[in-house]
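Chemist: Chain order of the listed sequences is Z and P.
Position 79 of the first sequence, counted from 1, bears residue number 79 in full-length UniProt numbering, the numbering being contiguous throughout.
Position 262 of the second sequence, counted from 1, bears residue number 262 in full-length UniProt numbering, the numbering being contiguous throughout.
Note that these hints are calculated values from the structure, not bench results.
Every residue, glycine too, gets a C-beta built ideally from N, C-alpha and C.
With a straight-line cut-off of 35 angstroms between C-alpha atoms, the simulated DSBU-like cross-links for lysine-lysine are: (1) P:Lys23 / Z:Lys162; (2) P:Lys393 / P:Lys453; (3) P:Lys393 / Z:Lys104; (4) P:Lys410 / Z:Lys104; (5) Z:Lys162 / P:Lys364; (6) P:Lys454 / Z:Lys97.
Every beta carbon over 12 angstroms from chain P, so not counted as near; a handful from chain Z, in silico: (7) Lys104; (8) Thr113; (9) Asp165; (10) Gln247; (11) Ile251.
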Amino acid sequence: MPRVGLFIPCYIDQFYPDVGLATLEVLEQHGCEVDYPAAQTCCGQPMANTGCTDAAVPLAERMINVFAPYDYVVAPSGSCVAMVREHYTDLLPLTNKLQEFQAKTFELCEFLTDVLKVDSISGSFPYKVGVHQSCHGLRELRLARSSETVGDDFDKARQLLKSLDGISFAELTRTDECCGFGGTFAVHEEAVSCMMGRDRLADHRAAGTEVLTAGDMSCLMHLNGLNQRHAQPFPVMHIAQILAGRQPEGITPVNSTDGSVA
Amino acid sequence: MAGHAQLADKFVANEERAQWHDKSLWFVRHKRDNISHSIPEWETLRETASQVKLHTVAHLAQYLEEFETNAKKLGVTVHWASNAAEHNEIVLSILQEHNVKRVVKSKSMLTEECHLNPHLEAAGMEVVDTDLGERIVQLRKEPPSHIVLPAIHIKKEEVGEVFHEHLGTEAGASDPGYLTEAARQHLRENFLAADAGITGVNFGIASTGGIVVCTNEGNADLGTALPNLHIACMGIEKLIPSPDHLSLYTRLLARSATGQPITTYTSHFHGPKPGGEMHIVLVDNGRSDILGSDDFRRSLSCIRCGACMNTCPVYRRSGGHSYQSTVPGPIGSILGPSQNAKEHSSLPFACSLCGSCTDVCPVKIDLHHQLLTWRKEIYVRGLLPFSKTFPMKVMSKVFQRPGLYAFGGKVARKALRLMPRWMIYNPLNGWGRQRDLPEAPKESFRDLYKKRKK
Ligand code: SF4
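One chain only, chain P, in its complex shape (with noise of 0.2 angstroms):
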């Protein structure tokens, strides 16, 4: 399977693509920067919010007591899942028991991490996903690229080009207003035909038993008022204590993922509408894996608000695809390992250490440094190439030695500098194929140093 680096190679070959790409997401973190700036009291909002999942997770058993008795209260029936495979089983037989044949659905990134459309569609179903950029990927046959940003890698062009391939609009069409005017008629009816609601949420609350749902669209909101069945999935670790916490969240979600101050629709389910279902499918599939681990529990504490794909300079220059994972980016890159090391092995490394993610993300996870705990990881758990590990193994031997390290620098500037370019910069050389190498001086400092002593 291809790593990282050699699907990055790819999108980066469009350079005109990857620019473009980079200054879409580019615009976005700016546009969060200018509205978290607005907020003297944003690394406060920070620290408690950090405090806070933290505090959550650690207790996680408990509070998902808490919230499954009082969502029962309510009237909801309360699913457990302890993997994807259950969780697509209990919803096709929520479904089927109810003769749903066709269902929407809104954004769900825990739906998308569980495989749940092909599982529904190969039960005969009709599964439309009702997020406007989820739609166009999902007509594409694509997953998404980003977990707020979903056809973030897609120009309004090539929309233009689904949409009259799928819902019959003028060819060559790319006015946003024109084909978004498109997808919210198709939509619409989609909405009216439904026999069933499925959401994602964005936050439990434990001591209620509600959940809050957050889009811009309004779509999950259309998708549970009009069907009387509405699913909510639900990963484990998405519980905060009660609502008075809920506004900490609230206020850094949608300015983190966005620049919002709010998102349009934070909608809050406390229970089935008169008449209607309201079932919640609480999933682990991994989860509390990371829970018992201490180098990346605190990955968990995550709500989804990618900021820290937004800010990362690898994924603006790469795309979401090329992690190959259902959450990309620095936290992707964090959770596809814990889910499979062997096969999301090159993703630690697919990041320059820069920091940024760890310093925009809303809840304060350390992300640089658990990427930095995952190569290690890697590493011991024998999955690192060997192409990698040797010259490391070489070159800590030959530093051991200040002798043998100040002898061998000798011997490496002078061969640089007898040697003809073309030996030099060859295909074998990834550091000299677009860049130069310094030009090497006949004194070391520490020969220079020796001098000046004297």
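For reference, chain Z alone in the conformation it holds in the complex (with noise of 0.2 angstroms):
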């Protein structure tokens, strides 16, 4: 049984508990043995891409030391993982105990798709779902082809979802375009950032999105944030919480076949 330590970024931790759960249960029925350290805080992320790369080396140097005993780490986040596998080797001195780290870091549906080599999840989702690419999954992780990129597609996140029951996708007219969050470029670039979210938006809408998903949960709480001041916003769900069997809420379940859009 792998031992898995839970990475939960912070802001995970503070407004999205659920999905740390729905993480959790996830891990838990495919057999992992799944911990969480409550020393750990923040992977540093913020501060390394603001520039300040002082104020997060103690945090990445935290991290590895609370990970230490684990097998593996595994956290529903792209961009967070992509922070530790790609460049804390820009903040830290390359040693075998940071090598070990970053090569047993996994993003959640990598983990399940090419550790734990899961191709189906069991239950129902009949809804047709907005896949939203975070940028850091899809072109520093590979989760899945980048659009610029040319080669053989796929896409591991819906490798998974594609296996439960009554599930449909919408396709967008820009596949995998940012949604516009970067983190604190949302704040210090607020005009563009909003207008690039609210575009990401309008193609779901025009595509048919019924349920709004990603596996970063930063990107949902941005377009979120705007999809909840559009007169009919649809639910948005971390895809660990569609991966546990959670079912969205306000809305009715609609046969995707029949076309129907509730």
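Take the two lone chains and join them into the complex the hints point to.
Modeler: The following block contains the structure:
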């Protein structure tokens, strides 16, 4: 039984506790022994992305120590995992300890598909789902093929979602454009950030998205922030919640195959 | 000086225009996707093109010497300029030696970077930009807003207005065919009247000493075929080792830039035309500083296709002028601070770090990583405002103490639940103007986890 240390990003801990629970449940359902070390806080991404690397270094060091005892570290966030795996080397000297930590840290979907080799998830989710590709998951962790690159198609999140009964997918005109969150960018470049988010939502509305999902709650926090100001907001769920069997609130299931929209 | 965010704010305020700008550029990005996806070996091409450029830049001194020797053998006069002022002086003195009054110039971002036009105009010369987009922005007395599509920010109705004023076209005309024909006639006269032609350089070939210029309008060809004097202005990073490498770049350039299989005119210049004179001005202007930097050297591989601009969701929604640098968009946000970090300190932050530029770049420059590195540089050099650094320092201190973090979280969530809406959504809350905050739950995940374990 792999011993998994659950890495719950700080804002999920504070604002979206159910996403953490759902992650825990999915991992347990697939045979992991999961533990949440309470000494963890934040991976340091906001500081590093603002350029304040000296403020990020102690947080990165803390993460490595906190998660040292585990076989794997799994987080419901492509962005935070990308921070660890792709950017900790910008902050810290490349020691064995750091390399080990980077090699055992995974985003939830990739951990399920690549490490646990899960090829189907049981359950039912009879909705037209709009999958938001988070940029860091996409272009840093390569959880799917990005639209700019040429090669075979793959998409780890959809691979898992598609086995759910009744699920269908909204096909966007811009498959993987950024939602505009970008951490502190969302505040410092508010005008562009919000326009980007509104455009993503418009694409989803046009494609008939009934439930919006993503592997990163930060993108969803930004999108839903805008969505809530819209006359008809649609429900937003983290992919862990869908995989754990949660159902969306506020809409009734429709038979997605007959094309009707709730 | 207003930073990128303030100028972007103004651009987005006219949402209709920002939408139109975004869609025009997305159209080009989409064309690029279609055509690059028709080449199965695309990623191999990119990788090879990247390696060749990195190799060339690593041996730049040697290739430059080789280029100079071979260009001279072809009868070309080669000049060296260490900065923009020297470049402008050299060009001016060549023109003055030949008693030039009228110059036609094809598109060259280098001469934009050096502000050549005003320099020549101050000496009493008339300089006409012959690329259609360049001519439009020149008539409007504006800098280009994009390196491949210099007038992408201007609508056809606005082109009609400019042409009405300067070229005497009918008032209110906006038909692209009609306007293009008017521009063609106008430019024809200028080509015929010109005493000298200035071009940029897309590729300099070390082993032959020749240069290659790519245009879609043939204006570089007309501008060099008619007058007897041709001056080519070239950044020192434009070299490739040999003609064998050229096809890599010609295949990638047009596809990445506009979604065309190849530029309409890919013209090779190997020496002056019979009876004519050809000069090449090799310009450094900060490039050897970039060459000396491990962090940013890779930005010298850029072939100026503009794909990173077309794909950049920030550029598309804020317009090229919001960058206030000759080269805008992702690559401009690296080159700008390399030239003047203080002046361009906001550019590396005009980026959501989505990485689309890195994936689209035909020579695989890791643009978004270099932008992140620039953020650190800006901070280290003390150019980041206190309002940005202070919260990060405080957060870091809190996050170093899990107990304090958990307690602070609890207090903040409680405050958010209890505070009336007007107190949360105030003008100081940059998040809340257009977006709702997430609902603050009573218990954090760590609280729930503790309970679940019991
Ligand atoms: S950085 Fe890459 S994508 Fe951008 S202009 Fe240069 S070559 Fe093109």
